[in-house]
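Trainee: Protein chains in written order, with the numbering used here: chain V, 1 to 113; chain L, 1 to 111.
Hints were generated in silico from the structure; no laboratory data involved. Each hint should be verified, as a subset may be incorrect.
Cut-off 25 Å, straight-line C-alpha distance, at most; resulting in silico cross-link-like pairs (DSS-like, lysine-lysine) [to be verified]:
| id | chain 1 | residue 1 | chain 2 | residue 2 |
| --- | --- | --- | --- | --- |
| 1 | L | Lys-79 | V | Lys-11 |
| 2 | L | Lys-79 | L | Lys-110 |
| 3 | V | Lys-11 | L | Lys-45 |
Residues on chain L that point at chain V, a partial pick, calculated with CB under 10 Å [to be verified]:
| id | residue |
| --- | --- |
| 4 | Phe-11 |
| 5 | Pro-14 |
| 6 | Ser-32 |
| 7 | Lys-79 |
| 8 | Ser-81 |
| 9 | Ser-83 |
| 10 | Thr-85 |
| 11 | Leu-87 |
| 12 | Phe-97 |
| 13 | Leu-107 |
| 14 | Phe-108 |
| 15 | Ala-111 |
Taking CB as the label site, the calculated pair distances span [as the list claims (entries may be wrong)]:
| id | chain 1 | residue 1 | chain 2 | residue 2 | range |
| --- | --- | --- | --- | --- | --- |
| 16 | V | Pro-8 | L | Pro-14 | 39 to 45 Å |
| 17 | V | Glu-101 | L | Ala-29 | 17 to 23 Å |
| 18 | V | Lys-17 | L | Arg-76 | 48 to 54 Å |
| 19 | L | Asp-57 | V | Lys-15 | 29 to 35 Å |
| 20 | L | Leu-80 | V | Lys-17 | 39 to 45 Å |
| 21 | L | Leu-80 | V | Glu-20 | 37 to 43 Å |
| 22 | L | Ala-20 | V | Lys-17 | 41 to 47 Å |
C-beta atoms are modelled at their ideal positions from N, C-alpha and C, and glycine is treated no differently.
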Amino acid sequence: GAGVSQTPSNKVTEKGKYVELRCDPISGHTALYWYRQSLGQGPEFLIYFQGTGAADDSGLPNDRFFAVRPEGSVSTLKIQRTERGDSAVYLCASSFPGTGELFFGEGSRLTVL
Amino acid sequence: RKEVEQDPGPFNVPEGATVAFNCTYSNSASQSFFWYRQDCRKEPKLLMSVYSSGNEDGRFTAQLNRASQYISLLIRDSKLSDSATYLCVVSRNTGGFKTIFGAGTRLFVKA
């Protein structure tokens, strides 16, 4: 389809493991965002890319979290040494810069046991 | 203090009621303002942008007061299908457009 695609849709892992979450944005959208959403909360900003570079990564909670977008399209969110508190839905969104409308994927639900 | 604050609700209203949601933001550098809607276990979707002059889209009216750093959303003649979480969103330029979401206000419209 033409929307934002996120994989995997569900990921169950054990505490201490490494996880990668992938986002394929809408073609032509140069802006890409990662958010984290816990039950009953709004999406929490993690990082924003404009093209290949991270324009703002101030929302990444600690150095276990890292995101890349090497070719300015697909992005990968990487979480090292996962902790139970990392369990959440990780949402990716893309947009044309400055338009304000973010188009979200369906999210990747991460469960850390 | 969170950058975007909303009344969490929930708001329980009968069909046909008028309901108003409020939102405040703390960063005066915020430039763009929006309301998003999120259905249960779904992704957020843009409901409407918010302008200083106020704007209306059918039964929905949004207002922005920059001096008070306050945003509102009014829903008239509520429908069952309006039941959802409404997210207040602000955006500002930090080298890109950093877009921050409030925690959301949950609305239940009952027959």
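Trainee: If a hint holds in the structure, say so; if it doesn't, say that too.
Mentor: Evaluated hints:
1. L:Lys-79 x V:Lys-11: Distance ~36 Å between Lys-79 (chain L) and Lys-11 (chain V) Cα, so the pair is violated.
2. L:Lys-79 x L:Lys-110: holds (8 Å)
3. V:Lys-11 x L:Lys-45: holds (24 Å)
4. Phe-11: violated (15 Å)
5. Pro-14: violated (24 Å)
6. Ser-32: Nearest chain V Cβ about 5 Å off; hint holds.
7. Lys-79: violated (23 Å)
8. Ser-81: Where the cut-off is 10 Å and the nearest Cβ of chain V is about 20 Å from Ser-81 (chain L), the hint is violated.
9. Ser-83: violated (16 Å)
10. Thr-85: Where the cut-off is 10 Å and the nearest Cβ of chain V is about 8 Å from Thr-85 (chain L), the hint holds.
11. Leu-87: holds (5 Å)
12. Phe-97: Holds: closest Cβ of chain V sits about 6 Å from Phe-97 (chain L), inside 10 Å.
13. Leu-107: At about 14 Å, which exceeds the 10 Å cut-off, the nearest Cβ of chain V leaves the hint on Leu-107 (chain L) violated.
14. Phe-108: violated (14 Å)
15. Ala-111: At 25 Å from the nearest chain V Cβ, Ala-111 (chain L) fails the 10 Å test, so the hint is violated.
16. V:Pro-8 x L:Pro-14: 39 to 45 Å: Holds - the Cβ-Cβ distance for Pro-8 (chain V) and Pro-14 (chain L), about 41 Å, lies within 39 to 45 Å.
17. V:Glu-101 x L:Ala-29: 17 to 23 Å: With a Cβ separation near 20 Å, Glu-101 (chain V) and Ala-29 (chain L) satisfy 17 to 23 Å, so the hint holds.
18. V:Lys-17 x L:Arg-76: 48 to 54 Å: This hint holds: roughly 50 Å between Cβ atoms.
19. L:Asp-57 x V:Lys-15: 29 to 35 Å: At 46 Å between Cβs, range violated.
20. L:Leu-80 x V:Lys-17: 39 to 45 Å: Hint holds: Cβ distance 43 Å, inside 39 to 45 Å.
21. L:Leu-80 x V:Glu-20: 37 to 43 Å: holds (40 Å)
22. L:Ala-20 x V:Lys-17: 41 to 47 Å: The hint (41 to 47 Å, Cβ to Cβ) holds, given that Ala-20 (chain L) and Lys-17 (chain V) are roughly 46 Å apart.
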